[in-house]
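Enquirer: Sequence:
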Amino acid sequence: PGVQITEINDAQGLFELDQALWSVLEPSPGRPAYSHIAFTSKNGICATVQRLVHLAGGLSEVVEAINDSNVQLCALGADGQVLESLGLPVHVSPAEASTQGLVKELVKRGEVLGARVLCPVPRVTGGLIEPFVVPRFLDALEREGAFTVRADAYITSPGSEAVDAKPEAELLRDGHVHAIVFSSTAEAQGFILALGGRNVVTESVKRHSVVLAAHGPYTAAGASQILGLPIECVSKDFRTFDGLVAALEDAFRKRASAT
Numbered sequence: 536p537g538v539q540i541t542e543i544n545d546a547q548g549l550f551e552l553d554q555a556l557w558s559v560l561e562p563s564p565g566r567p568a569y570s571h572i573a574f575t576s577k578n579g580i581c582a583t584v585q586r587l588v589h590l591a592g593g594l595s596e597v598v599e600a601i602n603d604s605n606v607q608l609c610a611l612g613a614d615g616q617v618l619e620s621l622g623l624p625v626h627v628s629p630a631e632a633s634t635q636g637l638v639k640e641l642v643k644r645g646e647v648l649g650a651r652v653l654c655p656v657p658r659v660t661g662g663l664i665e666p667f668v669v670p671r672f673l674d675a676l677e678r679e680g681a682f683t684v685r686a687d688a689y690i691t692s693p694g695s696e697a698v699d700a701k702p703e704a705e706l707l708r709d710g711h712v713h714a715i716v717f718s719s720t721a722e723a724q725g726f727i728l729a730l731g732g733r734n735v736v737t738e739s740v741k742r743h744s745v746v747l748a749a750h751g752p753y754t755a756a757g758a759s760q761i762l763g764l765p766i767e768c769v770s771k772d773f774r775t776f777d778g779l780v781a782a783l784e785d786a787f788r789k790r791a792s793a794t
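Numbering (our numbering), first residue to last: 536 to 794.
It cannot be assumed that every hint is accurate.
What the hints assert, rightly or not - Derived SDA-like pairs: lysine to any residue, alpha-carbon spacing no greater than 20 Å straight-line:
hint : residue 1 : residue 2
1    : Lys577    : Gly778
2    : Lys741    : Ala786
3    : Lys577    : Lys741
4    : Lys577    : Ala630
5    : Lys771    : Pro752
6    : Lys639    : Val625
7    : Lys643    : Arg671
8    : Lys577    : Val617
Unchecked claim - Distance windows between CB atoms, simulated:
hint : residue 1 : residue 2 : range
9    : Ser563    : Asp785    : 49 to 55 Å
10   : Ala697    : Glu665    : 31 to 37 Å
11   : Lys701    : Gln547    : 23 to 29 Å
12   : Pro624    : Lys701    : 45 to 51 Å
13   : Gly622    : Asp777    : 24 to 30 Å
14   : Lys643    : His743    : 24 to 30 Å
15   : Ser563    : Gly593    : 29 to 35 Å
16   : Pro567    : Lys643    : 43 to 49 Å
17   : Gly710    : Glu665    : 29 to 35 Å
18   : Glu705    : Arg788    : 25 to 31 Å
No wet-lab data here; the hints were simulated from the structure.
Note that the Cβ used here is the ideal one computed from N, Cα and C, for glycine as well.
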């Protein structure tokens, strides 16, 4: 694994997360309600709901509190299915399943100006650098007149150490890997750390003409910056991973026809 996802487990982090989430369950003059909760990943949904359940005492209590409020739940693409599976509604699902697509959708709806938006996002640790996606998302909302509340809801850290990834490194080095697929910029960072560094990866990719693929243009831009190589295979429809599979099929088909 390029990254691992874990719960917030330090006292200060849990205190800050809980303070943000109590405004969902029990808003008050000193703890104003949110107009929107903007989820940017399935991990964010799961971590947020899990902590809300802990605070409220059960899932039914969380569902009731949210349904009784006016908060609008926002999710990207297939992530909305996670909310629905928990009995929660999806109020906003942008046509472009990205954080920037969500900003555009809220602007289009006239809901962003004056909005108070809770943004459950990852805390990036362990030598990984926070990708530009989240800060740019918060900045874009604020430029359009929203007030954002960032809540670190879970932890993203490297998923493997170099000693654990020796078999994968050997496969890449020896030309047995035909494609490398990234679903996030953090995965690209974790992959490089696990396989021994950027030069090791890029040399093998170039030598064996490995296809580099990414789930959507924003991940492609971030992964390209991390690797220092262009990402040639990018899913056009990134609401689900079906679009990425289709892009890979197209890339291999083009390579086959060129030989």
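Enquirer: So, for every hint listed, does it hold in this structure?
Expert: Going through the hints against the structure:
Taking the CA atoms of Lys577 and Gly778, the gap is near 17 Å; set against the 20 Å cutoff, the hint holds. For the given pair, Lys741 sits about 16 Å from Ala786 by alpha-carbon distance, which is consistent with the 20 Å threshold. Of the supplied pair hints, the one linking Lys577 and Lys741 is violated, its CA atoms being roughly 33 Å apart against a limit of 20 Å. Distance hint between Lys577 and Ala630 is fulfilled; the C-alpha atoms sit about 17 Å from each other, no more than 20 Å.
Pair hint Lys771 plus Pro752 holds up; C-alpha atoms about 8 Å apart against a cutoff of 20 Å. Taking the CA atoms of Lys639 and Val625, the gap is near 17 Å; set against the 20 Å cutoff, the hint holds. The suggested pairing of Lys643 with Arg671 holds, with an alpha-carbon distance near 19 Å, which does not exceed 20 Å. With a C-alpha separation of about 7 Å, the suggested pair Lys577 and Val617 falls inside the 20 Å cut-off, and the hint holds.
Distance hint check for Ser563 and Asp785: the Cβ-Cβ separation is about 53 Å, which falls inside the suggested range of 49 to 55 Å. Restraint check, Ala697 to Glu665: a C-beta distance of roughly 22 Å breaks the suggested window 31 to 37 Å. Taking the beta carbon of each, Lys701 and Gln547 are about 37 Å apart, not inside 23 to 29 Å as hinted. Under the hint 45 to 51 Å, the C-beta atoms of Pro624 and Lys701, about 47 Å apart, fit the expected range.
Remark: the range hint 24 to 30 Å for Gly622 to Asp777 is upheld by a beta-carbon distance near 25 Å. The supplied range of 24 to 30 Å is broken by Lys643 and His743, whose beta-carbon atoms lie about 45 Å from each other. Look at Ser563 against Gly593: about 22 Å separates their beta carbons, and that is not inside 29 to 35 Å. Between Pro567 and Lys643, the C-beta spacing of about 25 Å breaks the proposed range 43 to 49 Å.
For Gly710 and Glu665, the Cβ-Cβ distance of about 34 Å falls inside the hinted range of 29 to 35 Å, so the restraint holds. Distance hint for Glu705 and Arg788: a CB-CB separation of about 28 Å, consistent with the stated range 25 to 31 Å.
In the structure shown, a violation is registered for the earlier hints numbered 3, 10, 11, 14, 15, 16, in ascending order.
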